[in-house]
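When you get a sec, could you build the whole thing from the sequences and use the hints?
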Amino acid sequence: MSISPYFRSPFTDITGGMISHQMLGNCQKQEMRYMDCLEAYGLDRGRVKCGELFDDFHECQTKTKQFKRFVAIRKERERQIAEGKLKGDEKFLSPRVDSF
Amino acid sequence: MAEACQIARKQDLPPPGGYKPIPFKRLPAKQYFSGYAMFAGYAGMTLVSIYLYNLTCKKITKNEIEMRSAKMAIYPMLLAERDREYLKQLRRNRDAEAELMRDVPGWEVGTYYGERVYKLLPPDALVEPIFHEYYAHSSPTEWFKRAYIKLQS
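Going down the list, the protein sequences come from chains F and D. Take 1 as the starting number for the first sequence in UniProt numbering and just add one per residue. Take 1 as the starting number for the second sequence in UniProt numbering and just add one per residue.
In short, the hints are calculated from the structure, not lab data. Note that the structure is a prediction, hence the values are computed from the model and not measured. There are no misleading hints in this set.
With a Cα cut of at most 30 Å, we get these calculated DSS-like pairs of lysine-lysine: (1) D:145 - F:65; (2) F:29 - D:88; (3) D:71 - D:145; (4) D:119 - F:49; (5) D:10 - D:20; (6) F:75 - D:88; (7) D:88 - F:65; (8) F:68 - D:145; (9) D:20 - D:30; (10) D:88 - F:85; (11) D:71 - D:59; (12) F:87 - D:88; (13) F:75 - D:150.
Which bits of chain D does chain F cover? Going by a derived footprint, with three or more residues having C-beta under 8 Å, they are: (14) 79-87; (15) 90-103; (16) 108-120; (17) 131-137; (18) 140-151.
Even for Gly, the Cβ is constructed at its ideal location relative to N, Cα and C.
Here it is in structure tokens:
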């Protein structure tokens, strides 16, 4: 992944990325840890050493694993409903509409 | 002919006594109020209406203040109740997930087939669910209802 250009100059700073999770966001801690690790090890070594930190940060940003969990749970539930194992009131468990 | 035929013909003659004089003088419009009277009337009506408006305005302001104070007073309680319900629902969701995925090979509750969502958090740390996860066990109507409210607001 590319974090910053090879040679940084005012010309590359013009279109630099100025957004981060530091000001407002759930991923502030994860991003800070990952960036600190990268700063300590540099990009090449950091790719290997900071792998887990990167995975946490990536998960926080994109929430892929949580979404995959949802897909798996939903599929299983629908399969069980089609099978007939769940019926009537047990088919779904709905939260209160104003609780999220 | 000595006598001219005197046939009584209808002639368009002026009325007896002559025409009345033609009025050519200007007739300006009738002025009900003078300029000063109009300004005075405007000022008077404005003052009276300001007084009447303020009578109701005070009542309404007091009412607004009361409503706002009441809302501010109960807001923390409502937030707390919402959070309580949220946590209770998280527990119910976890139990439903355990029940549902009992026979699925490799599945552990709170993970994705054994792989933890955040690797560097302790295993019993609370990972707040996303909207889809929270509504994973719900009927589609309830889910869309909640999504619709979000879009509306």
